[in-house]
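Trainee: If you read the protein sequences in the order shown, they are chains A, B, C, D and E.
The opening residue of the first sequence carries number 1 in the working numbering; numbering runs sequentially from there.
The opening residue of the second sequence carries number 1 in the working numbering; numbering runs sequentially from there.
The opening residue of the third sequence carries number 1 in the working numbering; numbering runs sequentially from there.
The opening residue of the fourth sequence carries number 1 in the working numbering; numbering runs sequentially from there.
The opening residue of the fifth sequence carries number 1 in the working numbering; numbering runs sequentially from there.
Just so you know, these hints were derived from the structure itself, not from any lab.
Note that this is a predicted model, so its numbers are computed, not measured.
All C-beta atoms, glycine included, are put in the ideal place defined by N, C-alpha and C.
There may be inaccurate statements among the hints.
Said to hold, decoys possible - In silico DSSO-like links for lysine-lysine, alpha-carbon gap of 27 angstroms or less:
#1 B:Lys-71 with D:Lys-71
#2 C:Lys-209 with E:Lys-209
#3 D:Lys-71 with E:Lys-209
#4 D:Lys-209 with E:Lys-209
#5 E:Lys-71 with C:Lys-209
#6 D:Lys-209 with D:Lys-71
#7 D:Lys-71 with E:Lys-71
#8 A:Lys-209 with C:Lys-71
#9 D:Lys-71 with B:Lys-209
#10 A:Lys-71 with B:Lys-71
Unchecked claim - The calculated label-pair distances, taken between Cβ atoms and stated as ranges, are:
#11 C:Pro-217 with D:Glu-44: 22 to 32 angstroms
#12 B:Lys-209 with D:His-211: 19 to 29 angstroms
#13 E:Glu-43 with C:Arg-135: 22 to 32 angstroms
#14 D:Cys-310 with B:Glu-116: 54 to 64 angstroms
#15 C:Glu-132 with E:Asp-76: 10 to 20 angstroms
#16 B:Pro-57 with A:Glu-218: 56 to 66 angstroms
#17 E:Glu-166 with C:Pro-300: 50 to 60 angstroms
#18 B:Val-94 with A:Glu-181: 53 to 63 angstroms
#19 C:Pro-300 with D:Phe-297: 38 to 48 angstroms
#20 E:Asp-90 with B:Glu-93: 45 to 55 angstroms
Below, each chain spelled out in residue letters.
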Amino acid sequence: MIVDCAIYEDGRRRDGRVDLHDAYRQCRQDGNFAWIGMYEPTEEEFDSLQREFDLHPLAVEDAIHAHQRPKLEVFDEMVFIVLKTARYEDSEEVVQFGEILIFLGEDYILTVRHGEASALKQVREALESDPELLRHGPGAVLHAIVDRVVDDYSPALQGLGVDIEEVENQVFSGGRSNPAERIYRLKREVLDFNRAAAPLVEPTDRLAKGHYALVHPEVRAYFRDVNDHLIRVHEQLESYRDLLTSILQANLAQITVRQNDDVRRISAIVAIVAVPTMIAGIYGMNFEHMPELTWTFGYPLVLAVMLALCAVLYRFFRRAGWL
Amino acid sequence: MIVDCAIYEDGRRRDGRVDLHDAYRQCRQDGNFAWIGMYEPTEEEFDSLQREFDLHPLAVEDAIHAHQRPKLEVFDEMVFIVLKTARYEDSEEVVQFGEILIFLGEDYILTVRHGEASALKQVREALESDPELLRHGPGAVLHAIVDRVVDDYSPALQGLGVDIEEVENQVFSGGRSNPAERIYRLKREVLDFNRAAAPLVEPTDRLAKGHYALVHPEVRAYFRDVNDHLIRVHEQLESYRDLLTSILQANLAQITVRQNDDVRRISAIVAIVAVPTMIAGIYGMNFEHMPELTWTFGYPLVLAVMLALCAVLYRFFRRAGWL
Amino acid sequence: MIVDCAIYEDGRRRDGRVDLHDAYRQCRQDGNFAWIGMYEPTEEEFDSLQREFDLHPLAVEDAIHAHQRPKLEVFDEMVFIVLKTARYEDSEEVVQFGEILIFLGEDYILTVRHGEASALKQVREALESDPELLRHGPGAVLHAIVDRVVDDYSPALQGLGVDIEEVENQVFSGGRSNPAERIYRLKREVLDFNRAAAPLVEPTDRLAKGHYALVHPEVRAYFRDVNDHLIRVHEQLESYRDLLTSILQANLAQITVRQNDDVRRISAIVAIVAVPTMIAGIYGMNFEHMPELTWTFGYPLVLAVMLALCAVLYRFFRRAGWL
Amino acid sequence: MIVDCAIYEDGRRRDGRVDLHDAYRQCRQDGNFAWIGMYEPTEEEFDSLQREFDLHPLAVEDAIHAHQRPKLEVFDEMVFIVLKTARYEDSEEVVQFGEILIFLGEDYILTVRHGEASALKQVREALESDPELLRHGPGAVLHAIVDRVVDDYSPALQGLGVDIEEVENQVFSGGRSNPAERIYRLKREVLDFNRAAAPLVEPTDRLAKGHYALVHPEVRAYFRDVNDHLIRVHEQLESYRDLLTSILQANLAQITVRQNDDVRRISAIVAIVAVPTMIAGIYGMNFEHMPELTWTFGYPLVLAVMLALCAVLYRFFRRAGWL
Amino acid sequence: MIVDCAIYEDGRRRDGRVDLHDAYRQCRQDGNFAWIGMYEPTEEEFDSLQREFDLHPLAVEDAIHAHQRPKLEVFDEMVFIVLKTARYEDSEEVVQFGEILIFLGEDYILTVRHGEASALKQVREALESDPELLRHGPGAVLHAIVDRVVDDYSPALQGLGVDIEEVENQVFSGGRSNPAERIYRLKREVLDFNRAAAPLVEPTDRLAKGHYALVHPEVRAYFRDVNDHLIRVHEQLESYRDLLTSILQANLAQITVRQNDDVRRISAIVAIVAVPTMIAGIYGMNFEHMPELTWTFGYPLVLAVMLALCAVLYRFFRRAGWL
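Can you make the complete structure from the sequences, with help from the hints?
Mentor: Here it is in structure tokens:
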């Protein structure tokens, strides 16, 4: 589905509706470029674009079927970029990934969104309000999109961070929960997220270093900033991963302690109860000659002894830390 | 065993049966090349091929005995490639590996299959229906084979992924199973698979970068795609490995919790039963002076006290989370 | 907020109050340079500086909003450096981070502090007392600041080291504490600290190798020293991280041992008490023909047997290491 | 001890006994080279060799004292290579290492064996039956030795593999063994083996790339093959190491499960027995008014109740998975 | 403190006492060089040396305060090297580190020892007995010192190795000790040792590759040997580290097994004792109609049944592996 199709002339959007064929013609003019936005396009929709801009069939295939890893590829006079967008569903503690694929030529930029990808509408509006930037050509659009995608990693990262702190509290709060599953699932999200973000580090570095003539020199410093942001995301994710591994271990220690505490306490109760039971057993024996049995205060005395023994044991167990 | 032997002229298969000696002669003609397919050939079968195409004895040895790690080697005017094919046997949760070894010369391509390697028949049929591609020479055939082999990694990868999810559910379902062995065996499969796939990353990168004149420039971009696919497989496997390590740890936590839960509950039952036993013991003592024994309602009272104590203990243990 | 603004002429501070506009004019003169220090400046405060020194908007944005990872970036004739300062709050076992951002030009150096960053006042005073050094230009100021920041890592590192030793003692002392949470939190601080310090290793190496004309050759050797210091910090942190992982494991072993010791001892008590209870039970049976019951010394004999059995069991358990 | 000393002329061994001094003289002739084999030589035995071939004192020292790590060093016109041989003692599950040190010059090759090194006699015999190869000079001998040493890694590797599978079966068989020590010792062997094999990867790569004029170009492809074999060994060992770490963890899980199973079952028995004990206690109380005691069928009724309760408990515990 | 000060002329030590000022003058002569040895010098003692040899203030600061990481730095015409010496205190299982700092110029070498550094006296004596070597200038002295320091790593390494074997035996011996603390402390020593040794690998490699004109070409091969030795030390330490991590895990498994064995056995005793207690309880009931009670041999029969049941249980528990 073609979502938007526009011609930019000297950094300003040309008025009026533009259809694909107008776009093909007008973008060839000096200083003009076309920006065509699509959402999960079909092969047929892509057909005329492919012929007009001489897009490489492999890139087109990727753009239609998606599910690529982030990458930047150069085909003759075209650069093809795949980005993964990330959004954190806090209720399910799951990172939702979308995909944006971009064809960048001298006088055109094609953007293809798949799945839950952040809408590019705001990016377009922000750019259109800054003709100075748009004058740098499609490279400026590329930067604006990559920048937005990477900026959108931050809330996802923060969401993960908040959940990790929650899980830390769960583990160390002394409560009875065993968040092993939650820790494991968070780790999986962190690994998935990193697989979406890390492969972009190197391409943005190359963009920042100005390996591509298609990107205006002025724009390069901005890619350095994006690259920096990505490294930060990557380092944070690596650190999350390390932390989650440690929490999993610490959780095991906490559970072991807590559960053994319980067993120890119950065993201690059994042990304390066993002592008066034993004494009662003794005075339940049927020997003919048991002088205590005839004592007037034999019974209350024995009860007192039982109580005293229990108290002594209780204090002893308490001191030994068993209760 | 020679499975198929054909001459391609300008991208089209020459009609009629071709035997080896026709192939040797005809492939030398401009624009022609021979594609000879073998299955677990013997030394004798390889003999004339080796002499005719001047194949390096080491490569021939590899092709006959197989069990190589994936690699790409250059011998003067020949490129020798070893691929590992992978097929997932879901019933046994085992990845079955086969081997395809390829000799690539200017005017010939020899393919040797070993073990459970994916049949190349479909590859050949697909190629023969696209003379445009075949015109790029044996390099195009090489790409088609590598592409197929790597594509076939996907279902194996998915099979592993599904089994990992199953094992996650087993661990976290709260059931009584201990899937430690299954986790361990999956990890071994993941390691084996990675040993088959990862060494191909670098050779396909070199093919994509066009280090070999034997591969037509048009075909290079396609190798970039294969390389990308391989990196994705490799990253996914690394991530599986990391996850399986974490599951093994989480499994230990789950088992510890579950088992201690049991022991705790049983101990709690013993503790609750111990209390009325103690009381019964007390009233089983043979003291002459035990006033309660003569009370008319002594017995039901004691029974009531016992029940009440058990109820109190039950509620206390319940609240403490011990039952 | 502008904290201090000074002009240095031939390594000496010019007398009298200098406002921004004096600074702009005077720093252009040969051998002069301006050092303007700010604390969490607003966009407005930065405005004239940006215009006057032609600072890149991205760097300015970073300087105002902070929260960057340490880095060194080159913009045409300006070098932009981000440093993380670290201070260890021993009471909370938390490393507090601040940020210092530096703009370095040929005739100016702008320093921007954020958060808990070490005050630069002492750095300025130390430098002003050494005109020889200041004569090397703003690069000497840069070195002095980086050196101070990195020097300030040492007490933080030592604080962590002391707490790690404390936690080691806790784990191995035989006490009843379970410092899993403390170990985990220390590990998190170590990871955070490393994320603040490690990214500086490479930029200081580049400064030491003299990639930047803005830094006087004489100053380079001093950056080598700073770089060395940073590598030491980084290696120490890596080693802390490894140690903390091991302590977490050792802690689990210690807890397991300690807790099982307890359960074993309590169980042993129950077992010892169970034996006389059984004997008492036997002589509590109501058989008509139990000769022992009529013996004159039956009762004391049985008591003696009970005691003897308990003693034997006690010794046996003791020898088996169960008590 | 000098084991064998021979002169090869145009790929053929010269007849008759050759002593060292003949060898020194004859090897200088065009197309000739000497191959002198030693076993744990003394300093004195090495003396004349060192003077004659101008061997570097450091290499000679290494050759006499051995215990080097595998390496390849270049001294002017001599190449010095250290190899570790490996043999697996299956009865003790220990890899035995030997050492072969080789001095390679233009017209000589000196081989020094230490410890359990594979005898080189077969290598020599195999080579002497292939004059074509020997004509390539001492480099061909070097290849034959390295090839043999690396080939001999395979049975050792397989031996380890078999023992790892055995240990897997031990862990997962459900038996009562705790093979923690065996796993640990296997891991140590794997680490030791890797320290013997891995350092050879890089030197054989250099030999394959033809960095050394002493090695005939024809022989280089053969070193590529050896290099490939070594990488396979190295990757397999890395994978063993990873697997053994996982088995150690899985073993802990298995042991925990098995042992807790036992404790749970015993506790369940105690709990079941406790219930009739309690009931018996109740009817052992001495209350005057206990109507049940006078019932004619009181006793069998109570016994029946006890049995019924035990049966109910047994089924309940069974269902809860506690028995 | 200046420990020794000598002038070497053509490889021979000049007779008679030489004070600093003689040394400054005489070392400038062709073929001469001075070797000045110090122990923990003060700033004042260093003063004239710094001026005379134009030493860089940063290196001088390092030499006085020590606590550097091993490194090699180049200042104009001087090379500055920091070495860590290691000595193993077997009684405390602690590696003691000292520091040797060396200034190497064209005609001088200054050696500064700190802490427990191996005395350099023997090195000096060994060198003075080999004028051939000393003629190669101060570079030969540098090699002799580095060689000695690295050689001294071997006994420390062996000491660690012996203690690791001891700890292995402790873990697997079946005894009751829990060497978790010892394992942890050994790991810390291994990490510390590695931090002292590993940073030297790269500088000695550079010295071996002859990057420094100050080092005579003849001496370079000797640095290759030292470098090799260092890599061996480093690899051994890495392997120790890996092993200690595994021992810590294996120790946990051993402890778990041993402790659970105990608990299981004690529980089994309790279970066995519970059965006769229950039977005794039954015959202690006060039912009027209990025929067994009046049997003449009722009592011995019941005792026999109790014994038989205990025996059966014992055998059953034994077979189940619970006792």
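Trainee: Work down the list of hints and note, for each, if the structure agrees.
Mentor: Each hint, compared with the structure:
This hinted pair checks out: Lys-71 (chain B) and Lys-71 (chain D) have alpha carbons roughly 24 angstroms apart, not beyond 27 angstroms. The hinted pair formed by Lys-209 (chain C) and Lys-209 (chain E) meets the criterion: a straight-line CA distance of about 20 angstroms does not exceed 27 angstroms. Restraint check for Lys-71 (chain D) and Lys-209 (chain E): satisfied, since their Cα atoms lie roughly 16 angstroms apart, inside the 27 angstroms limit. This hinted pair checks out: Lys-209 (chain D) and Lys-209 (chain E) have alpha carbons roughly 20 angstroms apart, not beyond 27 angstroms.
Taken as a hint, the Lys-71 (chain E) and Lys-209 (chain C) pair is honoured in the structure, with Cα atoms around 16 angstroms apart against an allowance of 27 angstroms. Taking the CA atoms of Lys-209 (chain D) and Lys-71 (chain D), the gap is about 16 angstroms. The hint holds against a cut of 27 angstroms. Taking the CA atoms of Lys-71 (chain D) and Lys-71 (chain E), the gap is about 24 angstroms. The hint holds against a cut of 27 angstroms. Our distance criterion of 27 angstroms between C-alpha atoms is met by Lys-209 (chain A) and Lys-71 (chain C), whose separation comes to about 16 angstroms.
For the hint pairing Lys-71 (chain D) with Lys-209 (chain B), the CA-to-CA distance comes to about 33 angstroms; that exceeds 27 angstroms, so the pair is violated. Annotation: proposed proximity of Lys-71 (chain A) to Lys-71 (chain B) holds, straight-line Cα distance about 25 angstroms (limit 27 angstroms). For the hinted restraint 22 to 32 angstroms between Pro-217 (chain C) and Glu-44 (chain D), the CB-CB distance of approximately 57 angstroms leaves it violated. A hinted range of 19 to 29 angstroms holds for the C-beta pair Lys-209 (chain B) and His-211 (chain D), which are about 23 angstroms apart.
A hinted range of 22 to 32 angstroms for the beta carbons of Glu-43 (chain E) and Arg-135 (chain C) is consistent with their spacing of about 25 angstroms. In this structure the hint that Cys-310 (chain D) and Glu-116 (chain B) lie 54 to 64 angstroms apart at CB holds, the actual value being about 57 angstroms. Range check, Glu-132 (chain C) to Asp-76 (chain E): Cβ separation about 18 angstroms, and the 10 to 20 angstroms hint holds. In this structure the hint that Pro-57 (chain B) and Glu-218 (chain A) lie 56 to 66 angstroms apart at CB holds, the actual value being about 59 angstroms.
About 54 angstroms separates the C-beta atoms of Glu-166 (chain E) and Pro-300 (chain C), a value consistent with the hinted range of 50 to 60 angstroms. One distance hint, 53 to 63 angstroms for the beta-carbon pair Val-94 (chain B) and Glu-181 (chain A), is violated here, with the actual separation near 27 angstroms. The supplied range of 38 to 48 angstroms is met by Pro-300 (chain C) and Phe-297 (chain D), whose beta-carbon atoms lie about 39 angstroms from each other. For the pair Asp-90 (chain E) and Glu-93 (chain B), the supplied restraint of 45 to 55 angstroms holds, since their beta-carbon distance comes to about 50 angstroms.
Going down the numbered hints, you'll see the structure goes against 9, 11, 18, while the others check out.
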